[in-house]
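A.B. asks: First to last, the sequence lines map onto chains A and B. For the record, in the first sequence the residue sitting at position 236 is 244 according to the working numbering, with numbers rising by one throughout. For the record, in the second sequence the residue sitting at position 9 is 17 according to the working numbering, with numbers rising by one throughout.
Calculated from the structure, these hints are not laboratory results. Warning: the hint list may mix true and false statements.
Said to hold, decoys possible - Taking lysine-lysine pairs in the BS3-like style, the calculated list, with each CA pair at most 27 Å apart, reads: (1) A/LYS295 / A/LYS248; (2) A/LYS248 / B/LYS420; (3) A/LYS263 / B/LYS295.
All values derive from a computational prediction rather than experimental measurement.
There are 2 protein chains.
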Amino acid sequence: MSSNILKGSCIIGQSGGPTSVINASAYGVIRTALDSPFITNVYGAAHGIRGVLDDQLFDMGQEDAYELELLLHTPSSALGSCRYKLADPDVDDTDYKRILEIFKKYDVRYFFYNGGNDSMDTCNKISKFMQKVGYDCRIMGVPKTIDNDLWGTDHCPGYASAAKYIATSCMELYFDARVYDTSIVCIMECMGRHAGWLTAAASVASHFGQGPDLVYLPERDFDLKVFVEDVRRIYNETGKCLVAVSEGIHDKDGKLIVEYGADNAATDAFGHKQLGGLAAYLASVIKSEINVKVRDIEFSLLQRCAAHCASEVDVQESFMAGKKAVECALLGITDKMVAFERSYDADGNYVCNLKLIDLTEVANTEKKVPDNMINEKGNGMTEEFFEYVMPLIQGAPEIPFERGLPRFANLKKVLAK
Amino acid sequence: MSSNILKGSCIIGQSGGPTSVINASAYGVIRTALDSPFITNVYGAAHGIRGVLDDQLFDMGQEDAYELELLLHTPSSALGSCRYKLADPDVDDTDYKRILEIFKKYDVRYFFYNGGNDSMDTCNKISKFMQKVGYDCRIMGVPKTIDNDLWGTDHCPGYASAAKYIATSCMELYFDARVYDTSIVCIMECMGRHAGWLTAAASVASHFGQGPDLVYLPERDFDLKVFVEDVRRIYNETGKCLVAVSEGIHDKDGKLIVEYGADNAATDAFGHKQLGGLAAYLASVIKSEINVKVRDIEFSLLQRCAAHCASEVDVQESFMAGKKAVECALLGITDKMVAFERSYDADGNYVCNLKLIDLTEVANTEKKVPDNMINEKGNGMTEEFFEYVMPLIQGAPEIPFERGLPRFANLKKVLAK
Chain A
9 MSSNILKGSC
19 IIGQSGGPTS
29 VINASAYGVI
39 RTALDSPFIT
49 NVYGAAHGIR
59 GVLDDQLFDM
69 GQEDAYELEL
79 LLHTPSSALG
89 SCRYKLADPD
99 VDDTDYKRIL
109 EIFKKYDVRY
119 FFYNGGNDSM
129 DTCNKISKFM
139 QKVGYDCRIM
149 GVPKTIDNDL
159 WGTDHCPGYA
169 SAAKYIATSC
179 MELYFDARVY
189 DTSIVCIMEC
199 MGRHAGWLTA
209 AASVASHFGQ
219 GPDLVYLPER
229 DFDLKVFVED
239 VRRIYNETGK
249 CLVAVSEGIH
259 DKDGKLIVEY
269 GADNAATDAF
279 GHKQLGGLAA
289 YLASVIKSEI
299 NVKVRDIEFS
309 LLQRCAAHCA
319 SEVDVQESFM
329 AGKKAVECAL
339 LGITDKMVAF
349 ERSYDADGNY
359 VCNLKLIDLT
369 EVANTEKKVP
379 DNMINEKGNG
389 MTEEFFEYVM
399 PLIQGAPEIP
409 FERGLPRFAN
419 LKKVLAK
Chain B
9 MSSNILKGSC
19 IIGQSGGPTS
29 VINASAYGVI
39 RTALDSPFIT
49 NVYGAAHGIR
59 GVLDDQLFDM
69 GQEDAYELEL
79 LLHTPSSALG
89 SCRYKLADPD
99 VDDTDYKRIL
109 EIFKKYDVRY
119 FFYNGGNDSM
129 DTCNKISKFM
139 QKVGYDCRIM
149 GVPKTIDNDL
159 WGTDHCPGYA
169 SAAKYIATSC
179 MELYFDARVY
189 DTSIVCIMEC
199 MGRHAGWLTA
209 AASVASHFGQ
219 GPDLVYLPER
229 DFDLKVFVED
239 VRRIYNETGK
249 CLVAVSEGIH
259 DKDGKLIVEY
269 GADNAATDAF
279 GHKQLGGLAA
289 YLASVIKSEI
299 NVKVRDIEFS
309 LLQRCAAHCA
319 SEVDVQESFM
329 AGKKAVECAL
339 LGITDKMVAF
349 ERSYDADGNY
359 VCNLKLIDLT
369 EVANTEKKVP
379 DNMINEKGNG
389 MTEEFFEYVM
399 PLIQGAPEIP
409 FERGLPRFAN
419 LKKVLAK
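Excised from the complex, chain A in its bound form (with noise of 0.2 Å):
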């Protein structure tokens, strides 16, 4: 830990995959160093490390209050992102010494990264280098990821918007597939490589019996055989089904089932090739063996910038880990991610506490679904689930509306000098 009171600028960047409340981390950081009398100024990164590396800085200090506010409630990373790797810098301290030079120019003293596994590494790189110099700066790691993948947090800021944004469009679709008296099956595809979280989220639509049928998770191997009989059962039963499968489900070989289209994909007569995803996949082979009416649905990049159907409690975590970051760097704290851990008061209420993880721990590992979430089955999720996730998407955030639609940030982007 240094020395208590440290005068200087700071930095904040983003970086990875984007999250419907990713800004409001940010907005927790930039609100909060603006507010402290020990930072001189706020600078926002460009594009993550990048905007480091070129020197591009926006000045915080420049927006109005307002349109700062808004990033509460606007998608995407608004200072952009990048996914930079930093090198080894035993192997090569370019990058390092450059930072460090914009560091020096700019009398930074607190770095705040706003991102998911790699960016903690990234953090942890810097963080080091600049012990290792002896350049004094706290630098703290803000968390985010659709994916709920990152390891030491109970959960991970972004996660339940892009949760309840899933379940309640699976919800939405339930009520669609029931339309006609006509038979359907309806494939629904959520991202995840490595990682189910986001998939099983559709399962708490079917916690209330509007959900889908069959939910398939990377966690678990899939069998194309399998799959077909257990759709094949609940449509006759029923003469519907709805399936949500991860991106990333595998067979027991760990090959992608995606690939198993890709494979033999064809090329039209401009010699394009016709590459379909997942749902798409499993959707031509439903059709084929059962020869029901399919309809295949991808969420796409919709479940990671649907701020319309944000989570207010993820909003508020959200801000409330930036706003953390700031608070313990002030007070000396380094080299540190701020983390969830969840409790339950005397009334049995959800309660988030934030507490702090070495960034060493938490970088390059990956949190999976656990054994207990997932049926024995492999083809739907367990009570265990249910309960985790419901504190998490609760609560609806007022969106400012213009006009008919939403109002988001526009930052002026003044470049500092």
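Go by the hints and put chain B onto chain A.
C.D. replies: Using the frame of chain A, we list chain B on its own:
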């Protein structure tokens, strides 16, 4: 016009594809009918006219008032829908005789049919038959369709909510596409085989500078080469290009563009034919022609059932249309569809007036997007469209939530004896 006072039962049926607000119209009919002293019983037909033919009528009087009110915000067709086409009564009047039998059995004197073009045709045929056989009853059409293609009405209940969902999602996707400083093309597919109203709605986000760069409707011939050049130009200028397309776009010979891909679709190792949608096909074209990262997004069923993103104007107007149909029938009017006429008050505010049009006029006529609403190049919308659509998408309804998800109506559906 029949004599003014006519006492008896009523039937409400829903037909064709659902919308987010078709149940708001049904509620308008059901609530008004239940409150009328002249209507003895209110029946909901299971799956439209099929429910009448099969004697499957739900007694709406047995439903809880609160659950009925929830219909205002419940997507899909709560009573069930159908796509059943009645025969020409001069050729085969079996169905009509059966309908008459059911009308007599339940003393049905009022029939309300909630649907699109085909449904108005059904309404019209039943009405003519009843007049021919001298059975005194009043038959009214209540419009609905996300496609907005009903003739004789300024707009259709259901369109505005789908439009709002599409514009909102496009705006969110616009932000998402700007996360990285890398290049991306994103192709978004909207419903609409013959009329491009839904795709046109994507341009509302563009009007605010946060939407698709290109918008293609089936009202204009689509040229694949011009499309590629349009995308290439914008992509070269900005590094991003967002495109909205109607599923029904076709070339100058009338061939659907989606068929370009389907022609050469391959089969996988299991013999399943691989069939992607239009957006997937166009994405593959752009990928191979411009060599850029492309995402394809199909709004699919979501655009017709996303009640969580409905337009309050649409909810209210849909309810009014149902209510008006009953009020008019009680006054002795028959054989009409409720329609909307737009005016503006002294302050320039949009006003929606109700009018009645003959069923014979509306049945089986399609209203396409007029020329003056489409730009010269056929790749975007004009100010005329913007002015047309804006009043319709205003207001966000207060959706009742329960435990974090929307609370939709849960009807008992007690069969009438």
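A.B. asks: Tell me, in ascending order, the numbers of any earlier hints that this structure violates.
C.D. replies: none
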